[in-house]
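Student: Got chain U sorted already, so can you dock chain S onto it with the hints?
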Amino acid sequence: MNVTAPISNDLRSLYQEIILDHGKSPRNFGVVDHHTCRAQGNNPMCGDRITVTARVTDSRTLEDVAFEGKGCAISIASASMMTEALKGKTAGAVRQLSKAMQDLCTGKADADEARASLPENLAGEIDRLASLSGVHQFPVRVKCATLSWHALNSCLEGKAQATTEK
Amino acid sequence: MSAPAVATSTAHVAFDPVRARADFPVLARAVHGMPLAYLDGAASAQKPRQVIDAVTAAYEEEYANVHRGAYYLSEMATANYEAARKKVRTFINARDLAEIVFTKGATEAINLIAATYGRAFLKAGDEVVLTQLEHHSNIVPWQLLRDAIGCVIRVVPVAEDGSVSIDDVAKVVGSKTKLVAVAHVSNVLGTVLPIHEIVQLAHEVGAKVLLDGCQGIVHQHVDVQALDCDFYVFSGHKLYGPTGIGVLWARAELLDAMPPYQGGGDMIDTVTFEKTTWAELPAKFEAGTPPIVQAIGMGAAIDYLNALDRPGMEAHEDELLRYAMMHLEQVPGVKLIGTAPGKTAIQSFVLDGTHPHDLATVLDRSGVAVRAGHHCAQPLMEALNVPATARASFGLYNTTEDVDALTAALRRAREVLL
Chain U
0 MNVTAPISND LRSLYQEIIL DHGKSPRNFG VVDHHTCRAQ GNNPMCGDRI
50 TVTARVTDSR TLEDVAFEGK GCAISIASAS MMTEALKGKT AGAVRQLSKA
100 MQDLCTGKAD ADEARASLPE NLAGEIDRLA SLSGVHQFPV RVKCATLSWH
150 ALNSCLEGKA QATTEK
Chain S
0 MSAPAVATST AHVAFDPVRA RADFPVLARA VHGMPLAYLD GAASAQKPRQ
50 VIDAVTAAYE EEYANVHRGA YYLSEMATAN YEAARKKVRT FINARDLAEI
100 VFTKGATEAI NLIAATYGRA FLKAGDEVVL TQLEHHSNIV PWQLLRDAIG
150 CVIRVVPVAE DGSVSIDDVA KVVGSKTKLV AVAHVSNVLG TVLPIHEIVQ
200 LAHEVGAKVL LDGCQGIVHQ HVDVQALDCD FYVFSGHKLY GPTGIGVLWA
250 RAELLDAMPP YQGGGDMIDT VTFEKTTWAE LPAKFEAGTP PIVQAIGMGA
300 AIDYLNALDR PGMEAHEDEL LRYAMMHLEQ VPGVKLIGTA PGKTAIQSFV
350 LDGTHPHDLA TVLDRSGVAV RAGHHCAQPL MEALNVPATA RASFGLYNTT
400 EDVDALTAAL RRAREVLL
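Those sequence lines, one after another, are chains U and S. Residues in the first sequence are numbered from 0 upward in steps of one, following numbering that gives the first Met the number 0. Residues in the second sequence are numbered from 0 upward in steps of one, following numbering that gives the first Met the number 0.
With the rest of the complex left out, here is chain S:
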């Protein structure tokens, strides 16, 4: 295990959720006359002042297109954009800057892998292994690939408590497996998948591993070298950064071997009508003007996280989850969905006799923002035999008061709906 990545944290002060909360301007507002309890970070996290200021400064002070102009502003914008890449590299402990590809989000990153790696290296009959709890963005790109090349999708089942057992993975992974593409953390259940064991198992049969880190990187320290996976993807906006920016990390040798995703400016070396050669990594995968300010904003979010006591932050989120599970269960009729051991700060639930949409509407009138629906995981809903769930997800800025607001509002919802 390589340890130094943690040492990038400059925090000297123990994590204080109340202080951290004060960094997020929107959390000070009222909703329907009630204090806002924002419990939907798993869909998109709120942004700290530091990110908002960085985005504003990028536009107000140093904005121009990148990698082009021989003038001051373009040089500054390029430096800031590339600095964000360096921040990402350090944050996930990637070996090389060339391995950090900016995309518009995790969805695009997975589609990129399916469209380039998938089409170049998989063939008819090869197997892609997913789990039942995947987000649609880690299902549909593989179906598109299957329809294009005839590969086969195999699905690892999820246990009733929402856990994924390595034994079940072992039953599906075999000599035909070319890629195992799984969530690091379930966006619906908070289950932390046994990713170390999955990587080991997949590598034993020569398969590559793609980890969808959208939720994982928010709640856990990620070191891609220690994980030993082959692809890791995440979105900036769930990590307290802007929308429209995401990261594809892959080993440089894989990225080198993969054909480009989109053609255009920035991704070329030389262009003639007879033949075009590709730019070096990572530019080869960044056709067109990139999300410049969004990348800078994500860099600011990473700076923000690095300045916090991250182990303290993770402990706080775990404690919030424990507190929420305990108090939610005390509300008559509430059933927790997803109780896997070692899970992280996302909790789905249902209230007997009510539909999650009605629940979310009533909770909203108490200032409590939760997500209701299938959470872009319809196959999981089917496996769990629920049409939908309500989901509370906890970020670094949430407090036990948010959970108290949720449980009080749930009791109120019983009065309205039952």
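For reference, chain U alone in the conformation it holds in the complex:
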């Protein structure tokens, strides 16, 4: 008979409560009214698709952001947490958080290093987003966590498509 391994810490860390919760009940799921930009994130290897819409003010503030689409728990949770973290942020703050998130997911930085790289007013945001950093121990899943961020960046740059396969 086979024996099943105990649930490993890296699995526990990847699928922690907050991620499963966002995965099952995503926030800001839908389309932003009067959005000023829209982009699709596509993960051709697994078929995940996420569309991000945002309304950016003249002063380059992300007034509203939402997403819709289909994907795994990680990609949906990441998109959901991203929209919560970024609503109301300036373009500069979005850039900083996006970079910090990329570093967290690829294992380039841990939560402390990511927080240290950001101004104090963004520390709370990155602490919440850091719950996704467990993904760096699952290399093939990193792109699930970064899919919505790629889509958002494309959206803000005025591109219609983003892909995690580069």
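Hint data in this document are derived by calculation from the structure and do not stem from the laboratory. Computed from a prediction, not measured in an experiment: that's the story for all the values here. There's no promise every hint is true.
Straight-line C-alpha distance at most 25 Å; calculated SDA-like pairs for lysine to any residue [unchecked claim]: (1) Lys69/U / Gln377/S; (2) Lys23/U / Arg410/S; (3) Lys86/U / Ser97/U; (4) Lys69/U / Asp363/S; (5) Lys69/U / His135/S; (6) Lys69/U / Asp351/S; (7) Lys86/U / Gly157/U; (8) Lys274/S / Thr288/S; (9) Lys23/U / Ser97/U.
Tutor: Below, chain S without anything else, positioned relative to chain U:
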């Protein structure tokens, strides 16, 4: 029906999956500290020691380019490469060695047919009939052909249980049909298509039939003459052989009539700047240095299969499927995708409230390797109204313990993901 092909098996010992498993070195390793339950043969099968040794020997002892050198090593390499062709011919009971074209895989074989047969013999308005369950490699080449010449693609629907009914095929096949290109066995659902009836139906309207045998040849005995199809293609790496080698079988008269696919060395008779004449079959379709060692490795895989009790092996795989279907269904929330009668050893499933990618990640941590995703069959996923599935596929080396590992890991996945 021509019977002798089965008699090529030299097996005298009843199939024993535990003994066979011991032939596959990688299956002895642990993954994440757990015994490996490799359930992804439908994507690529593991290789037995006999294939690995044949590949090593080909490089270490008798390697040179083929069809060229007048020296010992080249003669040996050529003989070994051509011996692999003979093994394939016998394995699928082709009439003639000239009908066995080596390609880099089934994908290239289908692209070859579309680019040569398709462009030479189909015209605007002609219909190519596919089914909804085709692999992208049997969809996209026809779309490229359609874009080039204006032919029309018609699609046979798949029933909810994953079966393809001959009545539905009959509704689509008609006087405009020039080619019916279908999977022998679905790579997602394990459905065995009614290929004999499809061939008959297509031939009645004068259409040719291409069978994508990537999965079919792994689980069932294939006799291309008995099947009476016009093209049969498969890949070596799903048949326990190396990657980078595949087979296009077609009737010699069809291959003769088809223009070459790629130009280059090996496929010519004489070359001048004014005019070039083509080599005889099958060289006409094998431009450039072929995958020599890969072909030899595939030949070794065929030898390996021939030495097994193949009916016993097929019965074992069927039994594994039955066992898996029964036990998977007992896991709360699991839904089987693909339950067509008479299907073969591939089973897709979903677990309520979870996405297959998350499932595959958790299963991997228990040493269980399954494929998650759209399995290169996005139109099928759409038809079945699922974004993706998890898929367990069984090979000759799998045992009920692998299935037990899968179901135990699925119960564990419920704890992690739900």
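Student: Taking the hints in turn, state whether each one holds.
Tutor: Evaluated hints:
{"no.": "1", "hint": "Lys69/U / Gln377/S", "in the structure": "14 Å, holds"}
{"no.": "2", "hint": "Lys23/U / Arg410/S", "in the structure": "19 Å, holds"}
{"no.": "3", "hint": "Lys86/U / Ser97/U", "in the structure": "13 Å, holds"}
{"no.": "4", "hint": "Lys69/U / Asp363/S", "in the structure": "22 Å, holds"}
{"no.": "5", "hint": "Lys69/U / His135/S", "in the structure": "21 Å, holds"}
{"no.": "6", "hint": "Lys69/U / Asp351/S", "in the structure": "15 Å, holds"}
{"no.": "7", "hint": "Lys86/U / Gly157/U", "in the structure": "18 Å, holds"}
{"no.": "8", "hint": "Lys274/S / Thr288/S", "in the structure": "22 Å, holds"}
{"no.": "9", "hint": "Lys23/U / Ser97/U", "in the structure": "23 Å, holds"}
Comparing the model with each earlier hint shows no violations; every hint is respected.
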